[in-house]
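Participant: Use these hints to put chain B onto chain A, whose structure you have.
Protein chains: 2
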Amino acid sequence: MAEYIAPLQRLIEEFRRLPGVGAKTAARYAFATLNLSDEEAARFADAINGVKRDVFKCPVCFGLSASAEGCEICKNPSRDPSVICVVESPKDVMVMERVRGYRGLYHVLGGSLSPLDNITPDDLTVKELVSRIETGEVGEIIIATNPTPSGDTTAAYLARILEPYGVTVSRLAYGIPVGGDIEYADEVTLYRAMEGRRSYN
Amino acid sequence: MAEYIAPLQRLIEEFRRLPGVGAKTAARYAFATLNLSDEEAARFADAINGVKRDVFKCPVCFGLSASAEGCEICKNPSRDPSVICVVESPKDVMVMERVRGYRGLYHVLGGSLSPLDNITPDDLTVKELVSRIETGEVGEIIIATNPTPSGDTTAAYLARILEPYGVTVSRLAYGIPVGGDIEYADEVTLYRAMEGRRSYN
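Chains as they are written, first to last, in numbering that gives the first Met the number 0: chain A, 0 to 200; chain B, 0 to 200.
Heads up, a few of these hints could be off.
Here are some chain A residues pointing at chain B (derived, C-beta under 10 Å) [stated by the list, open to error]:
#1 Leu-10
#2 Gly-19
#3 Val-20
#4 Ala-46
#5 Pro-89
#6 Met-93
Only part of the chain B face toward chain A is listed, based on derived beta-carbon distances under 10 Å [unchecked claim]:
#7 Ile-11
#8 Thr-32
#9 Gly-49
#10 Glu-71
#11 Met-93
#12 Tyr-183
Covered stretches of chain A (in silico footprint by chain B; criterion: 3 or more residues with CB under 8 Å from a CB of chain B, positions within the stretch not fixed) [unchecked claim]:
#13 2-8
#14 32-43
#15 60-69
Keep in mind that the hints were calculated from the coordinates and are not lab data. Heads up, the beta-carbon is just placed ideally off N, CA and C, and yes, glycines get one too.
So here's chain A without its partners, still in its complex pose (with noise of 0.2 Å):
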C-alpha cells in the first residue's frame, strides 16, 4: 500500500522537483494545499500555467518580459541605451534592478562558459550581445557574472571579445561573496560592487 492516496502522492511528487524540497517538506505543502479552498487551489494551479502563458523572453535582452515584443527595460525611454549590464539569468536582472540607481539596459547570457559542461559561446548569446554592439549606440559594458570560476571565464571572454569595438568593459566589484551567487548578495553588496567596478581596458 502507498503511503498517501495517489492524487496526494502525485503532488508530493511534483513538489519535490522544487529545488531543496525533501519528502516531508512536499507532504508538508501538499497537505497545505488540500486545505486550500477549491477557488484558492484553482488559483495557484492557474499561476504555475500562467507563468508558462503569459512569461516571455524578450527578443533584444533575453530577459523575462510580460509580452512578446519587449520587456519593460528595453522599451523604457528613460533608460540609457548606451550601458549594458551582462548578466547570466533573468532571475540576476531582477536582482540588479534592486540597485535604484542603475539606468542601463541588461543583457541575459543564458549561461556562463564552462567547457566542463560543455557550454561554448555559441550556447549563450554572446552573438546577440556583439549585434547590440555594433549598432554603435553602446559605449560601455558591465558585466556582472556570478564570481564563480565559470562566471570569471565568462568574463575574461567578453571582455577579449568586446575589445575590438572601442567600448568601456567593466565587471562588477568583488564585493560580492567569491564563490557566492549574486542571487543572495543583499542591496548595499551590490551597490558597493557597482560602484567599484574595475575597467578592462
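Facilitator: Coordinates of chain B only, in the frame set by chain A:
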C-alpha cells in the same frame, strides 16, 4: 515598478501561502517552475487541481479517500472493525499506517477541543464516533490525539463520554515527545507508543 513581472509575482505570492515559505524561497520555487517544460508545468498545475478534485472525505471515518464511497481502510475486509484509532487529522491516519502492526480502523475528529478557539465537540466528529460505537461492533478505542494541551483535553473528554458504552478506551503512551506533533514522530517511537498505551478504565 514591481520587483518581478506580474505572472511571476503572482506565482511567488501563491508559493508564499505554503507553510514556512518566505519571499526568497517562494521566488526560488517560482523560477524553478518557470524552468520546467510546458508539459511538466501543466502536470504540476493539474496535480494541484487533482488533489481538490480526486480526494474525498470517507463518510465513515472522515479520513482521506480516493472515492466518495469510502476509504480503502474502511472497505478493507481484512481490517479489524472492533478496534478504532481516533486521530485529529487525516494526515495522522497516514502517519499511523506506517506502524505496520495496526490492523484496526480509524476515526478522524477533524481537530481537537479548544475552548479558547471556540472549538467544541460539535465542531468535531464526536457524534459520528459515538454512532459507530453504538452499533456494538467496537470493543476498543485507541485515542491517538496529539500530546498537546488540546489533544489531552480531547482524549480526557472522549474517555469520559465513552465510558457508558463499555468499550476499552486507551491512549497512546507518552513515548511521543510531549508538546510535539505526531506527524514528526519516527516509526519506532510510534510503535512503542502503540504498545505501551494506557487504559482509562
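Participant: Work down the list of hints and note, for each, if the structure agrees.
Facilitator: Tested hints:
1. Leu-10: 4 Å, holds
2. Gly-19: Result: holds, 8 Å to nearest chain B Cβ.
3. Val-20: Because about 8 Å separates Val-20 of chain A from the closest Cβ in chain B, which is inside the 10 Å limit, the hint holds.
4. Ala-46: Status holds, d = 4 Å.
5. Pro-89: Holds, about 8 Å.
6. Met-93: 6 Å, holds
7. Ile-11: With Cβ-Cβ at 9 Å, under 10 Å, it holds.
8. Thr-32: 6 Å, holds
9. Gly-49: Interface hint status for Gly-49 of chain B: holds (5 Å vs cutoff 10 Å).
10. Glu-71: Holds - the Cβ of Glu-71 of chain B comes within 10 Å of chain A, reaching about 7 Å at its closest.
11. Met-93: 6 Å, holds
12. Tyr-183: For Tyr-183 of chain B, the interface hint holds, since the closest Cβ of chain A sits about 8 Å away, which is under 10 Å.
13. 2-8: holds (count 6)
14. 32-43: n = 9 at 8 Å, threshold three: holds.
15. 60-69: Satisfied; 3 residues make the cut.
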